[in-house]
Amino acid sequence: MGRPFTVKSGSVEGGRSPERDGGREEKVERDVYIRLREFLDRLPGGYPASPTGVEIRILKKLFTPGEAEVLLHMRPLPERPAAVAERMGRDPEEMAHILEEMASKGLVYRHRRGEEAYYMAIQFVVGIYEFQVGNLDRELAEMMEEYLPYLRKSWEGLRTSQFRVVPVQEAVEDLQEVATYDRVRELVATQELIAVAPCICRKERKILGKGCDKPEENCFVFGPSARYYLENGIARRVDVEEALRILEEAEKNALVLFPNNAVQLNNMCCCCGCCCGVLRVLKTMERPAERVLARYLVKVDAGACTSCGTCLERCQLWALREGEAAVEVIPERCIGCGLCVPTCPQGALRLEERAGAGEPPANIVETFARIAVERGVNPFA
Numbered sequence: 173m174g175r176p177f178t179v180k181s182g183s184v185e186g187g188r189s190p191e192r193d194g195g196r197e198e199k200v201e202r203d204v205y206i207r208l209r210e211f212l213d214r215l216p217g218g219y220p221a222s223p224t225g226v227e228i229r230i231l232k233k234l235f236t237p238g239e240a241e242v243l244l245h246m247r248p249l250p251e252r253p254a255a256v257a258e259r260m261g262r263d264p265e266e267m268a269h270i271l272e273e274m275a276s277k278g279l280v281y282r283h284r285r286g287e288e289a290y291y292m293a294i295q296f297v298v299g300i301y302e303f304q305v306g307n308l309d310r311e312l313a314e315m316m317e318e319y320l321p322y323l324r325k326s327w328e329g330l331r332t333s334q335f336r337v338v339p340v341q342e343a344v345e346d347l348q349e350v351a352t353y354d355r356v357r358e359l360v361a362t363q364e365l366i367a368v369a370p371c372i373c374r375k376e377r378k379i380l381g382k383g384c385d386k387p388e389e390n391c392f393v394f395g396p397s398a399r400y401y402l403e404n405g406i407a408r409r410v411d412v413e414e415a416l417r418i419l420e421e422a423e424k425n426a427l428v429l430f431p432n433n434a435v436q437l438n439n440m441c442c443c444c445g446c447c448c449g450v451l452r453v454l455k456t457m458e459r460p461a462e463r464v465l466a467r468y469l470v471k472v473d474a475g476a477c478t479s480c481g482t483c484l485e486r487c488q489l490w491a492l493r494e495g496e497a498a499v500e501v502i503p504e505r506c507i508g509c510g511l512c513v514p515t516c517p518q519g520a521l522r523l524e525e526r527a528g529a530g531e532p533p534a535n536i537v538e539t540f541a542r543i544a545v546e547r548g549v550n551p552f553a
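Residue 263 in this note's numbering sits at position 91 of the sequence shown, with consecutive numbering throughout.
One should not assume that every hint holds.
[Unchecked claim] Here are the computed lysine-lysine pairs in the DSS-like style, where the Cα-Cα straight-line distance is at most 25 Å:
| id | residue 1 | residue 2 |
| --- | --- | --- |
| 1 | Lys325 | Lys199 |
| 2 | Lys232 | Lys325 |
| 3 | Lys424 | Lys382 |
| 4 | Lys233 | Lys199 |
| 5 | Lys378 | Lys232 |
| 6 | Lys424 | Lys471 |
| 7 | Lys386 | Lys424 |
| 8 | Lys232 | Lys375 |
| 9 | Lys386 | Lys233 |
| 10 | Lys375 | Lys455 |
| 11 | Lys325 | Lys375 |
| 12 | Lys233 | Lys382 |
| 13 | Lys233 | Lys375 |
| 14 | Lys386 | Lys375 |
| 15 | Lys471 | Lys455 |
| 16 | Lys386 | Lys325 |
| 17 | Lys382 | Lys325 |
It is worth saying that the hints were derived from the structure and are not from the lab.
Please model the complete structure; the sequences and the hints are all you need to start from.
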């Protein structure tokens, strides 16, 4: 495996006392985490500073000082270990072992071309944090709950979101024209490699004693991302038939379908408003429909609506309210998930495409490029 990588902090010399040298080592360690925080904040997902310093505590829990230093020399594009080794003046073989160990811990992303492993820096959310689903404990869960209000600052004011909303299939079956990327079952059915992992949000809330009774194993990853999850042992492979069954169960449990914001499918979360970090943040906003790519809007047939309240229970974003004669829609809150449509006993609800609804980026690379420009950050700086 090679010798462990450590931060070189110098040796005791020239009258330097052990106490002073220990203080210097503490400063070097503290500085590497501050630089890592700044590095992660330059990635599209962001990693802002907080007044409590919780973001530094999270990094100290996840990364050794040596691992932090390695990540600081990486780029957000796949590259061979030798490239990182060259920048650090390290041995390429040793670096290959270090990077593989970091990838197995969910600290960097492993991408395979054939059987050769390439490695890249990955953002904190969605990325490093989700990769901790296999070893999430109470300490990390508590720190993430503390950090969420500050992390959301990286998402505010952006035109491009990491996520988009795909309506449940039954809600769009009667529409004449629906893009393939908005037909969730067709999207899933075309995937060659599918894996499903536990939802880290519901797992986190359950650890904290605030969980719900929604099914937990419904976080989908596809293609190369699925391979990463499978190799790390944090997901299991499923075929299309089982994936569709899991989707059906998610729809029955009123879970919002949140794929990555791109035509090319990379991952998809099945989210509840009580546990999902993104939905919990969206619920606090006055106009949540503007914060994700929401291409549809629910409409109410007031003449058919009996105000039974079924849709109010299904809605995860408080986008429906009781009116004098019928249920009313709050357009700026409706994200077009369609969960209310197929369960309306009177068939009084339908989805329609929003005027001026934009199309998603082609792939996740384009998504991240747009977000980086909008945030004014340079991941390669």
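Against the structure, the hints:
{"no.": "1", "hint": "Lys325 - Lys199", "in the structure": "violated (28 Å)"}
{"no.": "2", "hint": "Lys232 - Lys325", "in the structure": "holds (22 Å)"}
{"no.": "3", "hint": "Lys424 - Lys382", "in the structure": "holds (21 Å)"}
{"no.": "4", "hint": "Lys233 - Lys199", "in the structure": "holds (17 Å)"}
{"no.": "5", "hint": "Lys378 - Lys232", "in the structure": "holds (24 Å)"}
{"no.": "6", "hint": "Lys424 - Lys471", "in the structure": "holds (21 Å)"}
{"no.": "7", "hint": "Lys386 - Lys424", "in the structure": "holds (10 Å)"}
{"no.": "8", "hint": "Lys232 - Lys375", "in the structure": "holds (22 Å)"}
{"no.": "9", "hint": "Lys386 - Lys233", "in the structure": "violated (29 Å)"}
{"no.": "10", "hint": "Lys375 - Lys455", "in the structure": "holds (20 Å)"}
{"no.": "11", "hint": "Lys325 - Lys375", "in the structure": "holds (24 Å)"}
{"no.": "12", "hint": "Lys233 - Lys382", "in the structure": "holds (23 Å)"}
{"no.": "13", "hint": "Lys233 - Lys375", "in the structure": "holds (19 Å)"}
{"no.": "14", "hint": "Lys386 - Lys375", "in the structure": "holds (11 Å)"}
{"no.": "15", "hint": "Lys471 - Lys455", "in the structure": "holds (20 Å)"}
{"no.": "16", "hint": "Lys386 - Lys325", "in the structure": "violated (28 Å)"}
{"no.": "17", "hint": "Lys382 - Lys325", "in the structure": "holds (24 Å)"}
Checked against the numbered hints given earlier, the structure breaks hints 1, 9 and 16 and satisfies all the rest.
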